[in-house]
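> Residues per chain are reported as follows:
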Amino acid sequence: MTYKISARKKEELLAALSLQMVTHTIDKNSNIKAFFFPQNEKIVSFRTHKQEIEVLGGNVVCEPFVLFGVSACDEAAIRVLDKVFLKEPVDAMYKTRREAAVIVTEACLTQDDTCFCTAFGLDPVSGAYGDVTITAVCDTIFWQVVTEKGAELTEKISICLPK
Amino acid sequence: MMFDSMNEKLKTRAAELLESGAVSRILAWRRGLLEYDYEPAFLDNADKIDYNRFCGVNLTKTLARNKIDEGKTLVLARPCETYGLNLLVGERQLNRKDMYIIGVGCPGMQGKGREPLEKCLACTNKEHKIFDEVIGAEISEETGKVNRFEEVARLEGLTEAEREGFWRGHLSRCQRCHACRNICVSCNCKSCVFDNPNSGIAAKSNAGEDEENIYHIIRAYHVAGRCTDCGECSRACPEGIPLYLLNRKFIKDINNLYGEFQAGEAADQTSPLHSFELSDPEPGGIE
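Those protein sequence lines, which keep their order, are chains S and B.
Here the numbering used here is used: the first residue of the first sequence is 1, the next is one more, and so on.
Here the numbering used here is used: the first residue of the second sequence is 164, the next is one more, and so on.
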């Protein structure tokens, strides 16, 4: 399902997303690694009393969040990481953050000397990646639902999306 | 084109020096993978000299890191490089007789998008401070239009909370890659405190705000009075953190407290932080 939104309404769109969950706008010069691999995190804590150790557990809690404007290459990287970290034995911390993330990819209409997405069979312009794919062309933003998670997010902000 | 004529003269002169045995190699730049990607390189052939707008990287550190025992090295040195060379010669990290320095002119260097490098915008160092000869002394007036203490003064005028917000916004991105330390000419400890596991401040990533802040504060203090303001630390930072502001704040304070001082101005000068004069300010006399 694809929706058309006026580009003038981008701020409204971001505001609607932010009302639902923390929304991070990703620009082309940064990547999304830090959202899945923070520089440091508490893995476990424990309390000692004389000879006894009480392990207090290191459950990672992650509130749902939106990554808005992710490029196809970046999203593809996460899928590669999924193959490692979501495979037995599953990395619980990665899984928690991965499930909390709703990825809104954006068609990439720019090119850099160091780009190589097409060499890996990615279609940066019309590929449908992540949970939702948006394409910003001239005065229009096309909002295309890709996954169920994307459909759920779309439902939550449907007030902003004309039929 | 300024570079064409300079390169011609450099190639001729370098070839003469190589052939006569006066020098054994040339330290200049060589193109890396991409057209805007030049790296320091030891050349064995004068024809390979290719000095252009993308040669932003300062050559001094490369010389310092590669101690070569035999023969002299011909070093191409812009004014900013000469300050670093003086510093290291003065600190006995480099031997003056191991170098034949040709001062080269500089119109200002550019980054990938042909934008002027940050360090060139406030370039005040227009004269070669150490050299054996100079080729292309014409230095453009395009650079140095920005007062290097302007941004520092602006930060000084902020409230503490605003200033903290400014620095947290930048330092939160620090990855502890140590590129700033690695490229810094003043950072030449054989055993760096940040590599010493017993120091308590060695880390491969920052565990929290305190570590993000303290690494840079410590490094700024360690080079205080010796930093030549070459701007390489900021250019090397992959996160675009304006480290030069920390160093310039220190330089500004040192100027105010001890009188104008430029590290690297001469090989035989002493930093005000490494000497004592009766006229030095008393503790408590500093805001």
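Don't read these hints as lab results, they were simulated from the structure.
Heads up, the beta-carbon is just placed ideally off N, CA and C, and yes, glycines get one too.
Among the hints, a few may not be true.
[Unchecked claim] Straight-line distance between alpha carbons at most 30 Å, and here's what the computed DSS-like set of lysine-lysine pairs gives:
hint : chain 1 : residue 1 : chain 2 : residue 2
1    : B       : Lys260    : B       : Lys275
2    : B       : Lys367    : S       : Lys87
3    : S       : Lys28     : B       : Lys367
4    : S       : Lys28     : B       : Lys275
5    : S       : Lys42     : B       : Lys260
6    : B       : Lys260    : S       : Lys33
7    : B       : Lys275    : S       : Lys33
8    : B       : Lys367    : S       : Lys83
9    : S       : Lys95     : B       : Lys367
10   : B       : Lys260    : B       : Lys172
[Stated by the list, open to error] If you only want the chain S side, here are some residues facing chain B, beta carbon under 10 Å, derived:
hint : residue
11   : Asn40
12   : Thr110
13   : Gln111
> Give a verdict on every hint.
Evaluation of the provided hints:
no.: 1; hint: B:Lys260 to B:Lys275; in the structure: 36 Å, violated
no.: 2; hint: B:Lys367 to S:Lys87; in the structure: 27 Å, holds
no.: 3; hint: S:Lys28 to B:Lys367; in the structure: 26 Å, holds
no.: 4; hint: S:Lys28 to B:Lys275; in the structure: 16 Å, holds
no.: 5; hint: S:Lys42 to B:Lys260; in the structure: 54 Å, violated
no.: 6; hint: B:Lys260 to S:Lys33; in the structure: 49 Å, violated
no.: 7; hint: B:Lys275 to S:Lys33; in the structure: 24 Å, holds
no.: 8; hint: B:Lys367 to S:Lys83; in the structure: 26 Å, holds
no.: 9; hint: S:Lys95 to B:Lys367; in the structure: 24 Å, holds
no.: 10; hint: B:Lys260 to B:Lys172; in the structure: 23 Å, holds
no.: 11; hint: Asn40; in the structure: 4 Å, holds
no.: 12; hint: Thr110; in the structure: 12 Å, violated
no.: 13; hint: Gln111; in the structure: 13 Å, violated
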